[in-house]
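**Q** Based on the hints, put chain H in the right spot on chain E.
Quick note, the sequences are listed as chains E and H, same order. Numbering follows the working numbering, in which position 42 of the first sequence is assigned residue number 42; successive positions increment by one, without gaps. Numbering follows the working numbering, in which position 4 of the second sequence is assigned residue number 1004; successive positions increment by one, without gaps.
Bear in mind the hints are in silico, worked out from the structure with no lab data behind them. Even for Gly, the Cβ is constructed at its ideal location relative to N, Cα and C. Be aware that one or more of the hints could be misleading.
What the hints assert, rightly or not - Simulated restraints, written as ranges between beta carbons of each label pair:
# : chain 1 : residue 1 : chain 2 : residue 2 : range
1 : E       : Thr-28    : H       : Pro-1037  : 40 to 46 Å
2 : E       : Gly-24    : H       : Glu-1046  : 45 to 51 Å
3 : E       : Thr-6     : H       : Ser-1019  : 51 to 57 Å
4 : E       : Leu-65    : H       : Val-1028  : 47 to 53 Å
5 : E       : Arg-12    : H       : Pro-1008  : 31 to 37 Å
6 : H       : Gly-1081  : E       : Thr-6     : 26 to 32 Å
Unchecked claim - Away from chain E, derived, C-beta distances all over 10 Å, residues of chain H:
#  : residue
7  : Ala-1002
8  : Arg-1006
9  : Ala-1020
10 : Gly-1025
11 : Thr-1043
12 : Glu-1052
13 : Glu-1057
14 : Arg-1068
15 : Trp-1069
16 : Glu-1087
17 : Arg-1107
18 : Phe-1108
19 : Ile-1126
20 : Gly-1128
21 : Ser-1129
22 : Asp-1134
Unchecked claim - To give a feel for the contact side, a few chain E residues facing chain H, derived at Cβ under 8 Å:
#  : residue
23 : Phe-16
24 : Ala-17
25 : Arg-18
26 : Ala-62
27 : Leu-65
28 : Ala-81
29 : Leu-83
30 : Pro-84
31 : Pro-85
32 : Ile-86
33 : Ala-87
34 : Gly-88
35 : Gly-89
Below, each chain spelled out in residue letters.
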Amino acid sequence: MTARGTGTATIRVRLFARYAELVGRAETAVSVSLPATVGDVVRRLRDEIPAARALPERPLAAVNLRQVKLDAGVRDGDEVALLPPIAGG
Amino acid sequence: MAYLTRSPISLDTLLAEVSAPERGGTCVFLGTVRNGPEEQGVTAIEYSAYEEMVEAEFGRLLADADGRWPEARIAVRHRLGVIPSGEASIAIAAAAPHRAQAFDACRFVIEEVKRRIPVWKKELRIDGSATWVDPSGRPTARPSDLPSHA
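Next up, chain E with everything else stripped away, as it sits in the complex (with noise of 0.2 Å):
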């Protein structure tokens, strides 16, 4: 556990491919409080959007550009994005 500091975050929340059009949208926010993970951000994605709950509990995440563990910590202002089974080249 990495999480960092106490009050609210807000958290801009990014969705790409298959997860974007399950949920609909490509970008939301959500309010998390402190401290909190980028699986706390998830937990309240599948909360607060009935369609996020046909996202995977634990996708690959990223936090400001670069993958993390679910139990990353998250600050206010961060970044999180949920990343579908990377399938590149």
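**A** Structure of chain H alone, referenced to chain E:
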């Protein structure tokens, strides 16, 4: 450095970025849109990406490669958008003093791309259907069957 392009990839440009008299071996990898017996009539693949992260992650990936093969020079481009079958979606050029380094560096980069670079592809078929592809190269399962990642 812009590693992404929406235009056909110019191999000449990549080779010019890595070539030098002291680098006697150059290895090139091209990944092209496949339409074989398993693809069932794929006419093109639509590539999309988390573009800001792709640029950042390619920078980190090439820094990792530079740490392993400091005498090598590597250039890479990944194309996005609708790419017809037979055209290249990715090109990697790795030049080094000797061929073993060039082969190893080129292989390292494509394998790391498959693991780290957030790009996704949707197969477009001749019958008008479209299917997201998972990392194993097979179409994705139903939403309820989506995999979890520890």
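**Q** Next, verify each hint and record whether it holds.
**A** Consistency of the hints with the structure:
| no. | hint | result |
| --- | --- | --- |
| 1 | Thr-28(E) <-> Pro-1037(H): 40 to 46 Å | holds, 41 Å |
| 2 | Gly-24(E) <-> Glu-1046(H): 45 to 51 Å | violated, 19 Å |
| 3 | Thr-6(E) <-> Ser-1019(H): 51 to 57 Å | holds, 55 Å |
| 4 | Leu-65(E) <-> Val-1028(H): 47 to 53 Å | violated, 28 Å |
| 5 | Arg-12(E) <-> Pro-1008(H): 31 to 37 Å | holds, 34 Å |
| 6 | Gly-1081(H) <-> Thr-6(E): 26 to 32 Å | violated, 44 Å |
| 7 | Ala-1002 | holds, 15 Å |
| 8 | Arg-1006 | holds, 15 Å |
| 9 | Ala-1020 | holds, 27 Å |
| 10 | Gly-1025 | holds, 22 Å |
| 11 | Thr-1043 | holds, 18 Å |
| 12 | Glu-1052 | violated, 6 Å |
| 13 | Glu-1057 | violated, 7 Å |
| 14 | Arg-1068 | holds, 20 Å |
| 15 | Trp-1069 | holds, 20 Å |
| 16 | Glu-1087 | holds, 14 Å |
| 17 | Arg-1107 | holds, 12 Å |
| 18 | Phe-1108 | holds, 13 Å |
| 19 | Ile-1126 | holds, 21 Å |
| 20 | Gly-1128 | holds, 17 Å |
| 21 | Ser-1129 | holds, 14 Å |
| 22 | Asp-1134 | violated, 5 Å |
| 23 | Phe-16 | holds, 5 Å |
| 24 | Ala-17 | holds, 4 Å |
| 25 | Arg-18 | holds, 5 Å |
| 26 | Ala-62 | holds, 6 Å |
| 27 | Leu-65 | holds, 4 Å |
| 28 | Ala-81 | holds, 6 Å |
| 29 | Leu-83 | holds, 5 Å |
| 30 | Pro-84 | holds, 6 Å |
| 31 | Pro-85 | holds, 5 Å |
| 32 | Ile-86 | holds, 6 Å |
| 33 | Ala-87 | holds, 5 Å |
| 34 | Gly-88 | holds, 3 Å |
| 35 | Gly-89 | holds, 5 Å |
In this structure, the earlier hints numbered 2, 4, 6, 12, 13 and 22 are contradicted, and the remaining ones agree with it.
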